[in-house]
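Visitor: The lines below spell out each chain.
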Amino acid sequence: MKNYYLGVDVGSVSTNIVLLDEEENVIIKKYLRTQGKPLVILQNGLREIKNEIGDFKVKGVGTTGSGRHLASIILGADIVKNEITSHAIAALNYVPNVKTVLEIGGQDSKIIILKDGIVTDFAMNTVCAAGTGSFLDRQAARLGVEINDFGKLALKSKNPVRIAGRCAVFAESDMIHKQQLGHNQEDIILGLCQALVRNYLNNIGKGKDIQGPIVFQGGVAANEGIKQSFKQALNTEIYVPKHHDVMGAIGAGILAKEEVKSKGKTNFKGIDITDIEYKVRGFECNDCANMCEVVEITSDDKVIARYGDKCGKWTDSINTNDEKLA
Amino acid sequence: MTYKVGIPQGLLFYDYYPLWKEFLNELGTEVILSKKTNKTILDQGVSNCVDEACLPVKVFHGHVCDLKDKVDYLFIPKFVSIYKKEFICPKFLGLPEMVKNTIEDLPPIIDIEINLRKSNLNLLKAVIKTGQYFTSNLSKIAMAYNKALKHYERYLDLINQGIVPIEAVKMYNLSLKRNKSFNQNNLNIMILGHSYNLYDEHISMNLIKKLQSQDINVLTPEMIDTDQINQHSSRLPKRMFWSFGRKIIGSAFSAIEEKSIHGIIYVSSFGCGIDSILIDLVERKARENSIPFTLLTLDEHTGEAGVNTRVEAFIDMIRWRGKDESNISTHG
Numbered sequence: 001m002k003n004y005y006l007g008v009d010v011g012s013v014s015t016n017i018v019l020l021d022e023e024e025n026v027i028i029k030k031y032l033r034t035q036g037k038p039l040v041i042l043q044n045g046l047r048e049i050k051n052e053i054g055d056f057k058v059k060g061v062g063t064t065g066s067g068r069h070l071a072s073i074i075l076g077a078d079i080v081k082n083e084i085t086s087h088a089i090a091a092l093n094y095v096p097n098v099k100t101v102l103e104i105g106g107q108d109s110k111i112i113i114l115k116d117g118i119v120t121d122f123a124m125n126t127v128c129a130a131g132t133g134s135f136l137d138r139q140a141a142r143l144g145v146e147i148n149d150f151g152k153l154a155l156k157s158k159n160p161v162r163i164a165g166r167c168a169v170f171a172e173s174d175m176i177h178k179q180q181l182g183h184n185q186e187d188i189i190l191g192l193c194q195a196l197v198r199n200y201l202n203n204i205g206k207g208k209d210i211q212g213p214i215v216f217q218g219g220v221a222a223n224e225g226i227k228q229s230f231k232q233a234l235n236t237e238i239y240v241p242k243h244h245d246v247m248g249a250i251g252a253g254i255l256a257k258e259e260v261k262s263k264g265k266t267n268f269k270g271i272d273i274t275d276i277e278y279k280v281r282g283f284e285c286n287d288c289a290n291m292c293e294v295v296e297i298t299s300d301d302k303v304i305a306r307y308g309d310k311c312g313k314w315t316d317s318i319n320t321n322d323e324k325l326a
Numbered sequence: 327m328t329y330k331v332g333i334p335q336g337l338l339f340y341d342y343y344p345l346w347k348e349f350l351n352e353l354g355t356e357v358i359l360s361k362k363t364n365k366t367i368l369d370q371g372v373s374n375c376v377d378e379a380c381l382p383v384k385v386f387h388g389h390v391c392d393l394k395d396k397v398d399y400l401f402i403p404k405f406v407s408i409y410k411k412e413f414i415c416p417k418f419l420g421l422p423e424m425v426k427n428t429i430e431d432l433p434p435i436i437d438i439e440i441n442l443r444k445s446n447l448n449l450l451k452a453v454i455k456t457g458q459y460f461t462s463n464l465s466k467i468a469m470a471y472n473k474a475l476k477h478y479e480r481y482l483d484l485i486n487q488g489i490v491p492i493e494a495v496k497m498y499n500l501s502l503k504r505n506k507s508f509n510q511n512n513l514n515i516m517i518l519g520h521s522y523n524l525y526d527e528h529i530s531m532n533l534i535k536k537l538q539s540q541d542i543n544v545l546t547p548e549m550i551d552t553d554q555i556n557q558h559s560s561r562l563p564k565r566m567f568w569s570f571g572r573k574i575i576g577s578a579f580s581a582i583e584e585k586s587i588h589g590i591i592y593v594s595s596f597g598c599g600i601d602s603i604l605i606d607l608v609e610r611k612a613r614e615n616s617i618p619f620t621l622l623t624l625d626e627h628t629g630e631a632g633v634n635t636r637v638e639a640f641i642d643m644i645r646w647r648g649k650d651e652s653n654i655s656t657h658g
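As you go down the protein sequences, you meet chains U and V in turn.
Per the numbering used here, residue 1 is the first one in the first sequence, and the count goes up by one each step.
Per the numbering used here, residue 327 is the first one in the second sequence, and the count goes up by one each step.
Quick caveat, the hints were computed from the structure, so don't treat them as lab data.
Certain hints may be false.
Stated by the list, open to error - For lysine-lysine, the following DSS-like pairs were computed, each having C-alpha atoms within a straight-line distance of at most 30 angstroms:
no., chain 1, residue 1, chain 2, residue 2
1, V, K361, V, K417
2, V, K411, V, K444
3, V, K417, V, K611
4, U, K261, V, K536
5, V, K451, V, K404
6, U, K99, V, K585
7, V, K564, U, K208
8, V, K536, U, K115
9, U, K206, V, K611
10, U, K310, V, K496
11, U, K178, U, K156
12, U, K265, V, K536
Based on the provided sequences and hints, a complete structural model is requested.
Guide: Structure representation (structure tokens):
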């Protein structure tokens, strides 16, 4: 039976799963839409992998993304890492001398500056999601264009129009105005790509020392129009890795390998977790004015995790239960 | 009859609470505090405040709502200036008016103006006017204020020793001697921002405790010596006429130049006008001195994932930078 490392990135828009071998080659990857049901999608993804490549042994598990703690509870992760570190590690694996990582995901975008293989600076978008994948998703829907065709259409443009990119609402009114003036769709689409890049560089990239080699990753890296706009704006070559859409998961897998190497064993709960039915329930605790939204995960009427409370009352109660059971 | 005076736990609370409380107690009143910021207070604040205000001002309105039916007076002084030739944020200047005009059925508000822009004598006037709400005996007022000042000095002392105001406010009138020295092996992280954002555990999502639980020494502007602050802030090409700005810039520059910190986390509430300038000044200075800097922008969000990820990544980065490259086998 083959030995693999499992890397999982549970993001706002996509849940990504990869299996890596000892040489950190990607054996199989899954890019699935989270659709607000991370647990089910995660289980489905693992089941698909099992069906496609047969039985395998998991030597280590790493999780990342905004749902990393949830995934870790279900899988029994060896390491739970934030997206910045995971993305940086994955980029270093493909381009060892990388100096800048541009990453644009569904709800957040980041820039990571590296020096001699070490993260020296980074920034993430602040309160609003302008300059991220969901901005493009929204605009594509408004234009009636499939997001997958967005990039190809952008490249056809000869004369992009200028669109305000600071805010999705401004962009919409600007876009409609340009449509009314009679500009064609390609020019508007490339205009949107340039608006997003301008927003990214002025907001997240503000004051950052952007030097080549530059790696562009995250779901939005699939969009040729954005890549083209970055290339133009930064006036350098932009490298998009083959597995750009699952780089976070690859990073988590690599980190898991390192962790297991030093720890000697894995916490993985076994591939059978795909067959367990998990129930997730949220409730508002009314014991104090904080009214925390507590999430509870159960399987077979047994509570396996609770979190979301500020005071730790619910989180702690599950730990003591565990001790009693053991 | 003992009057009940309500003090909202917001805005300048962590800057002056011991002084206000002891002064009001000495005058023979009972001080009632609003609850710590929680979701209900936040919700009430947001729905009882003008939309354009920043989060801490909204939260303050929530605290007023929490208190208004429990007290005879509300203590909301009108802060115009607390330092010669300086101002504080315009939202403080209009705070009593803002509260009066948006929240109904309020008890009388003690809204004495505190304006030291031209002369410190105005402070004395403000003290007397406040005291006159409860007594006409001037020497009683003076004595009460002097006693309160002693307590307040002890509070400031504790903070100078590196005790976070959240803790210091609980222990300033205990006669405990606590010399809290920083653990030399820990990372030193400076948290910058306005006191009402940093020390409100709900607004800041418990950032200080989160860091301390990861073996990190937390340094805040309040812990830096005032002389140091003034000395460093005076080096700006143009005088910083915002009191908050002087404190944040001065404390940040002093810590950066002494190389006593490993990183800076700036906590800012969305839409803060003063911060928009301060953040940039601090970030440039930090960059010049190769000190990692990150910004957390806070608003009404209650999901902590975003803040946690940024803080975790920031600490990871600092620890990673601290190690030799040979220690990390990132290339497999």
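Visitor: Confirm or reject each hint.
Guide: Going down the list of hints, with the structure as the test:
no.: 1; hint: V:K361 - V:K417; verdict: 22 angstroms, holds
no.: 2; hint: V:K411 - V:K444; verdict: 7 angstroms, holds
no.: 3; hint: V:K417 - V:K611; verdict: 28 angstroms, holds
no.: 4; hint: U:K261 - V:K536; verdict: 29 angstroms, holds
no.: 5; hint: V:K451 - V:K404; verdict: 13 angstroms, holds
no.: 6; hint: U:K99 - V:K585; verdict: 26 angstroms, holds
no.: 7; hint: V:K564 - U:K208; verdict: 26 angstroms, holds
no.: 8; hint: V:K536 - U:K115; verdict: 28 angstroms, holds
no.: 9; hint: U:K206 - V:K611; verdict: 15 angstroms, holds
no.: 10; hint: U:K310 - V:K496; verdict: 21 angstroms, holds
no.: 11; hint: U:K178 - U:K156; verdict: 18 angstroms, holds
no.: 12; hint: U:K265 - V:K536; verdict: 29 angstroms, holds
Checked against the numbered hints listed earlier, the structure breaks none of them; every hint is satisfied.
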